[in-house]
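Trainee: Each chain, letter by letter, is given below.
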Amino acid sequence: MAKEVAKERSMIIQKEMITGHFKELGAAKETGKKVVYTFVPGNISELILSFGMLPVYPELNALQSGMRKKSGDYIRDAEQHGHSEDVCTYVKCDVGMMLNGNIGPTGEKIPKPDLLLLSYTGCFTFLKWFETLERLYPGVPVALLHTPYQEAHKITPEMTAYMVKQLKEEVIPKMEQVSGNKYDEEKLKSILRNSSKVEDFIVKIFDTTKHRPSPIDAYFAGVYYIGPINSGFRGTPEAVDYYAELYKEILTRIDKKLGPITPEGEMEEERFRLVVEGPPNWTHFREFWKLFYDMGAVIVASSYTKVGGVYDMGFRVNPDKPLESLAEYCMNCYTNLNLQQRVELLSKCITDYQADGFLVNSIKSCNSFSAGQLMIMQQLERKLEIPTGFIESDLVDPRYFSYSNIKNRLESFFQMLEQRKMILTRQ
Amino acid sequence: MKKYFLGIDLGSTTSKAIIIDDRDTIIGRGITNTRANYTVATEIARLEAIYNARFSILKMKLEDEIESKPEYKKYIKDVEAVFQYLQFKRRLDRLNVQFRDTIEETFSGEKRENISGYITRIVKEIGPSILDEYLNGSLGQKNQFFRDIVSEKYNKEVNLLSKEYFEPMMLVYDKSITHVENELTEYNFRELVYQSMELLNDKYAQIDESAPDETGVGFDGELNLLKGNYKHIYDSLKEHISFVSNLDIHISNMVGTGYGRALLPFPEKSIRSEILCHAFGAHAVFPNTRTVLDIGGQDTKAIQVDSHGLVTSFYMNDRCAAGCGRYLGYIADEFSISLNELGPLAIEATHEVNICSTCTVFAAAEIRELLNVGQKRSDILAGLHRAIVMRAMSLLARSGGVRNEFTFTGGVARNQAVLKYVSELVLKNYGNDIKINVHTDSIFMGALGGAMFARRSN
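Just so you know, the sequences run in chain order A and B. Under numbering that gives the first Met the number 0, the first residue of the first sequence carries the number 0, and numbering increases by one thereafter. Under numbering that gives the first Met the number 0, the first residue of the second sequence carries the number 0, and numbering increases by one thereafter.
Heads up, a few of these hints could be off.
Claimed, not checked - No farther apart than 25 Å at their CA atoms in a straight line, the calculated lysine to aspartate or glutamate pairs in the DMTMM-like style are these:
1) Lys406/A x Glu404/B
2) Lys406/A x Glu267/B
3) Lys420/A x Glu347/B
4) Lys434/B x Glu384/A
5) Lys382/A x Glu404/B
6) Lys382/A x Asp21/B
7) Lys375/B x Glu347/B
Claimed, not checked - Among chain B residues calculated to face chain A with C-beta under 7 Å, some are:
8) Ser272
9) Ile274
10) His307
11) Leu309
12) Val310
13) Ala331
14) Phe334
15) Lys375
16) Leu394
As the list claims (entries may be wrong) - Coverage of chain A stretches by chain B, computed from C-beta distances (three or more under 8 Å per stretch; other residues unrestricted):
17) 288-302
18) 382-395
19) 408-416
Hints are computed from structural coordinates only; laboratory data are not their basis. Cβ atoms here follow ideal geometry from the backbone N, Cα and C, with glycine treated the same way.
Using the sequences and the accompanying hints, generate a full structural model.
Mentor: Rendered as structure tokens:
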């Protein structure tokens, strides 16, 4: 049985923040607060908050359902509703949850959307997802924000202008209409000032994996660390406090030369340092994580924690240019980077954090992540001569998590790393 | 004392054992079908490898004699064949006892008596015919596992009986074979080898008595070498055989691998992933190997290795085993032929029928449809083999392609048609400069890699 692990203060703060958010959502009908459904990658939560509205992220609800072992039934219901086996399982899980009364992770009912803010950064399934929600909630207004893909390896001034135009002409007017409030640029600037602080913390936190042992796991624990910035808190004072506290705790771990915290206590020996590409599996999250920490494998960087924003390459929001900043933030999200940019980013992570291996967890139902992963893997292998591994699972469909297959491949991968270390040390 | 190292590869279909010496030379090989009791499968493979090692050591000791006198070579070959037969015979005797128990438990009255009579006849039939096949070496081309040999002969005999006895006879077989197969029978090497020589001597004595024209060169040229000679060879070999029988083949270290490795009764540090073992084995045999394709019973693995034989990446089939050895077994059943007949038949094709390769079960339905519309069996088989290889090519592409040199391993590498298409498609897709390696021991590569790890970590 897993040992009871003492919770750090930051964990308690995060839990309170999330509980508070769902309580607020549960009371939205009474308080009259408007609810905006939107997606994590390229989420312009600061703008939503500046109108006094509350954000809801369907992917986060789906992953929570996965962790709470409810996704299997939800997916079954969505399939009975007509969604095929090949459809993204986040979508099906979310649809299934709505069909079953839209009860959120904390047990509170999630209110219906007053606005669907469709910012489809790097994932075209998002379009279809909100078309489905539009049918489930007839009459709900949809604001469309098209994020141009970084096809040419960079963000041009025209791309930014195009997005700002959409914000001004499509998104802001719809938000004004739904919320009944006028766009307040000063308020947005003040929220973005907090975002900028949070972004600095995020970079510093994930950069601590440079230490040996790494004080954190940048994937399995990393998904908790990115919780607040991806769930509507990015520009809030609570988020600034949370990240300040988290960073302080991590610095203490570094001082004490402690390894990452796992569900079974501190990892005692760091044997392998990995960079991981792709989202984790949520239905068997603990089992999946255990396969790594039992082997002394720590993830020193992961692309998944950059899905809600990439700050490693220097991007920060500029509160003095609020709309341009939001536009650039969206275009900089991981899945909006072209494949070469992803290779460069991962390559930087592997080098900066001295990884021993690179692993892909390919997701059966996620095209936006899976496309190009083999190419990324092969390029990194050739460029950096780093051992690579490839496993397959799914986001929230429990049918696609094969424990024995994954274990078998991971064992081979870890033995590969071990053998390499042994031979290279001898030379 | 000389040190030996053991590698065990517990695969989904076959269990293999390899013994190497301290210079990585293979001296013993053992293989059996994987069965419910993994420990028994492992032990059978291990014991077989040890017996085989004793014969190898004997041959090494007598290298000069064997080189200069072909009759020595023939004699030892025959002793080995009879030795295998005697092991078979003991298992058959045990199976016979089990048959009786099963009949006793399951049937009564006249039916019991009839079935018992049929079994007596079948067992009497199987024994001698198998001895001939062992001596003629005609089992060499076939699957030599006890279950397969007996079931082939048994089925043939049962088909001659009246239809009403088909079901009960198959029931007797199925209930009995599993019992026997999951029991471990250990043999006394020395005793069995002497028994083999006695049996052979009787057989050779018959040649001595025969007129020259009766055992003409056309029948068995090699056997004539022993005419009038065997007693002398027997006497001079006795001492050597006694030496190898008493030799302590001391296994200094062992490593287990394969899909069932976690179930092997080995300590954790002696368990290695089959990916690493296959790559290491293939790289040891062909040191310029950079890409390994291994097609086993249920897995197809595409592995990239560096100049040290270290794996840099690998890719395996995850959700479907179409295209692996078991798929071929299934197809062989569909055609009512044995697994080893598939490849030769496919090679005879005049053209390849296009087969969709995504699913074993669908492929079987497709075959029936194609037979229905008059396609030739060999052409369908050629298409099937090509489809299998296409799947492997896709895995290879996903693992990073083929780099020079390319080594093909696993049980399926023994299938000539698969080999033909692998060679064809590798050269077509990756250039004619690619050197393709296949070793006669390809099925043992995982076990060899395991034994090599055992030597290095000792």
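Trainee: Any hints from earlier that this structure breaks? Give me their numbers in increasing order, please.
Mentor: Failing hints, ascending: 1, 3, 6, 13, 14, 15, 16, 17.
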